[in-house]
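For the sequence shown, position 73 matches number 72 in numbering that gives the first Met the number 0, and the numbering has no gaps at all.
Derived from the structure by calculation, the hints contain no laboratory data. Even glycine gets a Cβ: it sits at the ideal position worked out from N, Cα and C. Don't take every hint at face value.
[To be verified] Derived CB-CB ranges, DEER-like:
{"no.": "1", "residue 1": "Asp97", "residue 2": "His145", "range": "31 to 37 Å"}
{"no.": "2", "residue 1": "Asp10", "residue 2": "Leu46", "range": "27 to 33 Å"}
{"no.": "3", "residue 1": "Asp10", "residue 2": "Thr64", "range": "30 to 36 Å"}
{"no.": "4", "residue 1": "Thr64", "residue 2": "Glu131", "range": "34 to 40 Å"}
{"no.": "5", "residue 1": "Glu71", "residue 2": "Glu6", "range": "17 to 23 Å"}
{"no.": "6", "residue 1": "Gly47", "residue 2": "Glu131", "range": "23 to 29 Å"}
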Amino acid sequence: MSGFREEIDLDCRPADVWAYVIDPRHLPEWQASAVAARQLDDGPFGLGSRVRVTRHVGTRQVLTTMECTQYEPFREWTVRGVDGPVRGRFHGEITPLDEGRRTRLTMTLDFEGHGLGKVLVPLVVRPQVRKEFRRNEGLLRERLEHGAA
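Please work from the sequences and hints to get the whole structure.
In structure tokens, the structure reads:
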């Protein structure tokens, strides 16, 4: 996957990072463009789960459905967009550090444009994400390390 890749080392346990980042309800807390997110199916989040996400993209609010296509508890997960003109693919990976006292979270993100999305991805989406990705790391750190979660 090309696109965006970031690593963030967090001063908290891998299980705590995992529990927070895979819970769709937390997306608006640590992703600046996320307005709302809710899981569409019952039960815990896992392989096959679908999440409806509302995001600010440019000056508009866009609804997308994401599906979990890879899920290895406490280790890694992948979600991909299944509808709309801009379909993201996000992969997260958790690596324990310092005998499990700290965590490295690796995040990769890329987009596929469909129809009008082929124009939106390079002109609007990628520049917005480039500006936002580091901010999201800061929001995530604040939530997890400083008890704002």
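Evaluated hints:
1. Asp97 x His145: 31 to 37 Å: Violated, at about 19 Å.
2. Asp10 x Leu46: 27 to 33 Å: holds (30 Å)
3. Asp10 x Thr64: 30 to 36 Å: holds (34 Å)
4. Thr64 x Glu131: 34 to 40 Å: violated (21 Å)
5. Glu71 x Glu6: 17 to 23 Å: Holds - the Cβ-Cβ distance for Glu71 and Glu6, about 18 Å, lies within 17 to 23 Å.
6. Gly47 x Glu131: 23 to 29 Å: holds (28 Å)
Of the hints listed earlier, those the structure fails to meet are numbers 1, 4, in rising order.
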